[in-house]
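Trainee: Once you've looked at the hints, dock chain Z against the given chain U.
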Amino acid sequence: MTEQTKKLDNLTTGISRRDILRTLTMGALGSSVLQIIPLQAAEHVHRMVTEEKTHAPGAKYKPKFFSAHQYQTLSVLCETIFPKDDHSGGAIEAGVPEFIDLLTSENRDYQVTIGGGLMWLDGQCADRYNQTFLSATPDQKSEIL
Amino acid sequence: MPQVIRSPKLYDVCIVGSGAGGGMAAKVLTEGGLSVVLLEAGPPLNPQEDFKEHVWPYELSHRGAGVGGNALKPGNGMENEFLAPTGAWTIEGEPYTTAPGSKFRWFRSRIVGGRTNHWGRIALRFSPVDFRSKTRDGLGDDWPITYDDLSPYYDRVESYIGVFGTKENIPSAPDGIFQPPPKPRCSEVVLKRSCDKIGIPCIPARLAVLTRPLNGRPACHYCGQCGRGCRLGSNFSSSQVLIPPAQKTGRLTLITGAMAREILVGKDGKAEGVSYVDKATRSEKRVHARAVVVAASACESARLLLNSKSPHFPQGIANSSGAVGRNLMDSVGSEGTGYFPQMEKVPPHNHDGTGGMHVYVPWWKYDRQNDFPRGYHIEMGGGRDMPGIGMFHDLCDDVEGYGASLKQACRKSYGTGIGFAGRGEMIPNPDSYCEIDPDLVDQWGIPILRFHFKWSDYEIKMAKDMQETFRAIVEAAGGTYLTSTDSTGDNPYGIADGGVIIHEVGTARMGSNPTTSVLNGYCQAHDVKNLFVCDGAGLVTNPDKNPTLTILALSWRASDHLLDEAKKGNL
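These protein sequence lines are chains U and Z, in that order.
Take the first sequence: its letters are residues 1 to 145, numbered as in the working numbering.
Take the second sequence: its letters are residues 1001 to 1571, numbered as in the working numbering.
With the rest of the complex left out, here is chain U (with noise of 0.2 angstroms):
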């Protein structure tokens, strides 16, 4: 067994990774899984998720490509298309803004396209409102989309 996947495996006390998914799965066999895994499981699972998005690009990421202002925009557009629900969380969660951002300081296309969308919107926002995108009222976001 390697590193890695000890570190997955043993993460608290002894009780690994697999034990937690077979648990995890004989629940799904039932009808509710929430209703039918132990406690105990679903903390080992909790804890898991943490543990593992200490490795996901965190909350202080820097954008590499796009301004302050533009950043923002472009994340409240993601979680907009892409939005946190009861079920599970939005894009932003997901890290889908620095993704992006990444992938666009490195790809001259995604300048062109993402980077001049957004100054386009802005554009659009101005002329009609007079306003950022940002700072548009919810009725006005909902209509320029």
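Note that these hints are calculated values from the structure, not bench results.
Keep in mind the model is a prediction, meaning the values are calculated, not measured.
Watch out, some of these pointers could steer you wrong.
[Claimed, not checked] Covered by chain Z, per the in silico footprint, the following chain U stretches (three or more residues, Cβ under 8 angstroms):
{"hint": "1", "segment": "80-88"}
{"hint": "2", "segment": "101-108"}
[What the hints assert, rightly or not] If you want the ones that stay clear, here's a sample from chain U, every Cβ over 10 angstroms from chain Z, calculated:
{"hint": "3", "residue": "71"}
{"hint": "4", "residue": "134"}
{"hint": "5", "residue": "135"}
{"hint": "6", "residue": "137"}
Note that the Cβ used here is the ideal one computed from N, Cα and C, for glycine as well.
Mentor: Just chain Z, lined up with the frame of chain U:
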């Protein structure tokens, strides 16, 4: 001009290439007592560092697209950064060309283990009739060997590398020595039912992935990520299963970063070694050996033979027949996707398993007259695989709007798409071959290949049949077939460009007639008895079975023969 550095040592055998053919030869020859120097054009492979097994998409900041990548086409599918860094469609400084009117793509793996690191592990035996092609329908040529000659070596290869499957008694897909197969996934049960309904056999797949421990290798833990490389070596690769035992003998000298340039010929017309470019120092080096085994991949091997010109061999070594580079074949490939509405209602479930499919469709219309010769098999896969970059792209085109409704549409569609890939036999034709481009060399100064490629009506009719079958399977399951193809355009019925299936073979084919073939049935050059070609180049036909298992069996058989000849002093 730096001096050519000659290794003072005389090895028994020099092998060029460390993939399926070269790795097998290295293992068999070193275990047989011979000293072997193995030249590999790429770097060594370090599974602990190079493999991104068990890494979640969000753990890589580019999510698989790679630096400067495109989110919708991460590395053309084969260069996704999750995959083991084991090959590429383009290699900087090492171009190839295609003749006007030809389309051909050449995937090359420059790394220890070659393409066995990434391959789909589909391990199918050729059937008896595959060796008797010309006798059967007058097309192509017969092999100089029969299924019975190779069958014991298939047994040995399967027993050694580990292949799962089931005994089925299907003439087009001979049974082998199998480990038990994994159970079908939910989506595969749906496929099986649909195939049953329309009388198409759907049987457990045959993959070189362990379901039981073997020779110190643990059984698969079903992470489904074979393509990323397996640190545990539960799937077969030359780098983890063939090279290590060869190294253990103490008789293997592995030289990486060694780009073979020319096979050296002695005054007696026999091969006496290999001249190569040491990439790290950009210098010319030479190793000498009593025999040479070329296994650089079919077209790379043809290139090496053609570039090895000498007074003895003005057309290139082992090429008195002119057949080197000729008879280039790939598999006929055509693909499609079906939407299976019943998958929408399936609760979240474990979709893990081996990398790749657990069931497949072997060629089944062998007992009737079809409007194309030979046959194809169908690979199938889909369902709730781990979502990856670009996965819901098409959905965004189809679904109006955004926000909660888009998200719900993604959830609903996840796992409802199942893909089909037909893989069929191409008949060799005079318009498909590779040759040395007269004008260009690569960055190492080695003349490069120029490809000519053409599909004939046989292959296009086969692709049409594939598309009709995919549709029939999807519709029998109550689904909708989403792919639309027709007879027009550059790729009629979705037929893939030559080379794309990465099954290119035939460029130094074996045969009993030395005027039309390069090798005898032992992969030994007709013209040069101490020269062997042990990769896909030797294949006379390219049946609908992926070639790797047969390359392994042929290389083992050739290596046994080489050992015998060495013992008799015949080399």
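Trainee: Where does the structure disagree with the numbered hints, that is, which hint numbers, in rising order?
Mentor: none
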